[in-house]
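A.B. asks: Please build the complete structure, drawing on both the sequences and the hints.
So the sequence lines, in the order shown, correspond to chains A and B.
So for the first sequence, my numbering puts the first residue at 1; every next one is plus one.
So for the second sequence, my numbering puts the first residue at 296; every next one is plus one.
To be clear, the hints were calculated from the coordinates, so they are not data collected in a lab.
Please read these numbers as outputs of a predicted model, since none were measured by experiment.
Note that beta-carbon positions come from the ideal geometry of N, C-alpha and C, so glycine has one too.
Any given hint might turn out to be false.
[As the list claims (entries may be wrong)] Which bits of chain A does chain B cover? Going by a derived footprint, with three or more residues having C-beta under 8 angstroms, they are:
no.	stretch
1	45-58
2	229-239
[Said to hold, decoys possible] Over 10 angstroms on every C-beta distance to chain A, these chain B residues come out as not near it, computed from the model:
no.	residue
3	Ala327
4	Gly382
5	Gly407
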Amino acid sequence: MSDDIRTLTTRLAEEPSSLAFLELAESLRQRGKLDAAYKVARGGVGRYPGLADAHDLMARILSDRGDLAGAFDAWSDALRLDPLRTGALKGIAFLYFRAGDVAAAIGHLERAAEADPDDPSIHQALARVRRESAAAASPAVAVVDAVPPVDAVPPPAPISSPPIAAAVPPPPEAPAQDSPFTAGAEDERGVLLVDANGMRLAGELSAGDGSEAGDRVAAQLAGVSREAARATRLLGLGSWQSIAVESPGAHFILTAPTAETVLLVTRDATFPMARVGLIAERAARTARSWLEQVG
Amino acid sequence: MSTVAAGLDRVTRVPGVRGALIASSADGLVVAEQLMDGVDGRAVAALAGSLIARLARTAHGAGLRPPVFVHLRGDDGSILAAPGADGLVLLAVVGREANVGLARLEMLAAAGRLA
Chain A
1 MSDDIRTLTT RLAEEPSSLA FLELAESLRQ RGKLDAAYKV ARGGVGRYPG
51 LADAHDLMAR ILSDRGDLAG AFDAWSDALR LDPLRTGALK GIAFLYFRAG
101 DVAAAIGHLE RAAEADPDDP SIHQALARVR RESAAAASPA VAVVDAVPPV
151 DAVPPPAPIS SPPIAAAVPP PPEAPAQDSP FTAGAEDERG VLLVDANGMR
201 LAGELSAGDG SEAGDRVAAQ LAGVSREAAR ATRLLGLGSW QSIAVESPGA
251 HFILTAPTAE TVLLVTRDAT FPMARVGLIA ERAARTARSW LEQVG
Chain B
296 MSTVAAGLDR VTRVPGVRGA LIASSADGLV VAEQLMDGVD GRAVAALAGS
346 LIARLARTAH GAGLRPPVFV HLRGDDGSIL AAPGADGLVL LAVVGREANV
396 GLARLEMLAA AGRLA
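C.D. replies: See below:
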């Protein structure tokens, strides 16, 4: 273990609430210790969910690990918290470029250039993307490397690797499916979409004994949404955004993809809650798109 | 300082926490509280207590055991809840920039000492 990592590890152990996790996880990432970097960053994101740096760091680690869908979500979270974050804009541009969406890649790079006009790497990336966009249809290595995210090692997957298919929203003209969660973006089981009257719209949920519990849980969820809305409004906390529930054996998160629906995502308790939150955000986006199509 | 008061004190020392209280989940009665001005403890107890009870029913419907921690996030802050023994629940109201991770750890520790 190098001295700086040992020093940072000690500092984080002595003061778990410090921001030393940012430097430690980045040092581990740069040394290729991706599992360790991921664990440190995961703790930091859980502790500081409102810190864009933490999500940006997590995205770089996930990108290095080849989890491009996860990286996309993490960079999206960073941008939600800090819309002018050039590292996240460049990272998403990189992912869009890998997915073959050159226009989206250029759009994100142009936003990055507006946010930081003095960063020459952004202009270089823009020039390369524009120059090489004509060759985007062919899986040349030069094209894949055209938009490297900040300090990130490009994942080894080929340009059409499956994970990015889950990261990029489906085209709006895609036909509506029976369920939003069967297209590969999310597991059907463990995700439940419910309408305002407590009726199940999509998804499945199993009880501990393996029996189907979706309808039973759906009936409770409409009331949960109303109570959550009432509590946050009356306590001056605005509209409710999510409810994270830790239970022995499972974590679940409730969100409202639309004003008239509630989404429940549940995972085994070994899943970090922050990770379940990311899955729920992605599932909510999927549900919203699906509702627009079927509605 | 009593165990209950010490627990509330540790929770309210976390940056961004506007107040914490212990209430009876059955009737919403406030047992102890440390709140900043403007935070209505009785409203928190009543509103959050009812929600926690419903979430417990939801968890039961899914074949899960009762929740040990709940984080209701709003646009401008959150309500945190850690149910304890004997029908008591530890509640906290926190701002948007609060250190929720640290508050959670303090609340779980404090809730474990409720009796």
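A.B. asks: Now tell me, hint by hint, if it's right for this structure.
C.D. replies: Status of each hint after checking the structure:
no.: 1; hint: 45-58; verdict: holds (count 5)
no.: 2; hint: 229-239; verdict: holds (count 9)
no.: 3; hint: Ala327; verdict: holds (19 angstroms)
no.: 4; hint: Gly382; verdict: holds (17 angstroms)
no.: 5; hint: Gly407; verdict: holds (13 angstroms)
Hint compliance for this structure: no hint is broken.
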